[in-house]
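Engineer: Sequence:
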Amino acid sequence: MSEEGQQKYILQTAGFDARFPNTNQTRHCFQNYTDYFKCIAAKGDDYAPCKQFKRAYNSLCPSAYLLLIEKWDDQRENGTFPANLDP
Numbered sequence: 000m001s002e003e004g005q006q007k008y009i010l011q012t013a014g015f016d017a018r019f020p021n022t023n024q025t026r027h028c029f030q031n032y033t034d035y036f037k038c039i040a041a042k043g044d045d046y047a048p049c050k051q052f053k054r055a056y057n058s059l060c061p062s063a064y065l066l067l068i069e070k071w072d073d074q075r076e077n078g079t080f081p082a083n084l085d086p
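If you count the sequence shown from 1, position 57 lands on 56 in numbering that gives the first Met the number 0, and the numbers rise without skipping.
Certain hints may be false.
As the list claims (entries may be wrong) - DEER-style ranges, computed between Cβ atoms:
(1) Gly14 - Asn77: 26 to 34 angstroms
(2) Leu67 - Gly43: 35 to 43 angstroms
(3) Ala63 - Lys7: 25 to 33 angstroms
(4) Tyr46 - Thr25: 23 to 31 angstroms
(5) Ala47 - Arg75: 20 to 28 angstroms
(6) Leu84 - Lys7: 28 to 36 angstroms
(7) Lys7 - Lys70: 18 to 26 angstroms
(8) Gln51 - Lys7: 14 to 22 angstroms
(9) Lys50 - Asn77: 21 to 29 angstroms
What the hints assert, rightly or not - Once the Cα atoms are required to be at most 30 angstroms apart in a straight line, the calculated DSS-like pairs of lysine-lysine come out as:
(10) Lys70 - Lys42
(11) Lys70 - Lys37
(12) Lys50 - Lys37
(13) Lys42 - Lys53
(14) Lys53 - Lys37
(15) Lys7 - Lys50
(16) Lys7 - Lys42
(17) Lys50 - Lys70
(18) Lys70 - Lys53
(19) Lys53 - Lys7
Just so you know, these hints were derived from the structure itself, not from any lab. We put the CB at the ideal spot given by N, CA and C, even for glycine.
Construct all of the structure, not just a fragment, from the sequences and the given hints.
Structural biologist: Take a look at the structure:
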């Protein structure tokens, strides 16, 4: 395949956040999840900086948390999410 046909992939993960120095990333995962939805509520789905929060929570939340994230999604839709997501 020529160089023109090759795609360049850049792998990134969330950087260090001093608010969450411990190895347990549950709170860090939750915070990035809520920050993402606050950001898109304020700026819209197409606002590129909001996507960093989504990448961070997708990176930080272990695969075992997929059910938890689905629960959070359901709670948001039902209006029972335990955090304020207003911008």
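Engineer: Work down the list of hints and note, for each, if the structure agrees.
Structural biologist: How the hints compare with the structure:
1. Gly14 - Asn77: 26 to 34 angstroms: Once the Cβ atoms are compared, 33 angstroms apart, the range 26 to 34 angstroms for Asn77 and Gly14 holds.
2. Leu67 - Gly43: 35 to 43 angstroms: With Cβ atoms ~26 angstroms apart, the hint is violated.
3. Ala63 - Lys7: 25 to 33 angstroms: 31 angstroms, holds
4. Tyr46 - Thr25: 23 to 31 angstroms: This hint holds: roughly 26 angstroms between Cβ atoms.
5. Ala47 - Arg75: 20 to 28 angstroms: With a Cβ separation near 22 angstroms, Ala47 and Arg75 satisfy 20 to 28 angstroms, so the hint holds.
6. Leu84 - Lys7: 28 to 36 angstroms: 35 angstroms, holds
7. Lys7 - Lys70: 18 to 26 angstroms: 36 angstroms, violated
8. Gln51 - Lys7: 14 to 22 angstroms: 19 angstroms, holds
9. Lys50 - Asn77: 21 to 29 angstroms: 25 angstroms, holds
10. Lys70 - Lys42: 24 angstroms, holds
11. Lys70 - Lys37: Distance of about 18 angstroms is within 30 angstroms: holds.
12. Lys50 - Lys37: 12 angstroms, holds
13. Lys42 - Lys53: 14 angstroms, holds
14. Lys53 - Lys37: 11 angstroms, holds
15. Lys7 - Lys50: Holds, because 19 angstroms separates the two Cα atoms, which is no more than 30 angstroms.
16. Lys7 - Lys42: 29 angstroms, holds
17. Lys50 - Lys70: Holds, at roughly 21 angstroms.
18. Lys70 - Lys53: Status holds; Cα separation ~16 angstroms.
19. Lys53 - Lys7: Holds: Lys53 and Lys7 sit about 21 angstroms apart, inside 30 angstroms.
When the structure is compared with the earlier hints, violations turn up for hints 2 and 7 and for no others.
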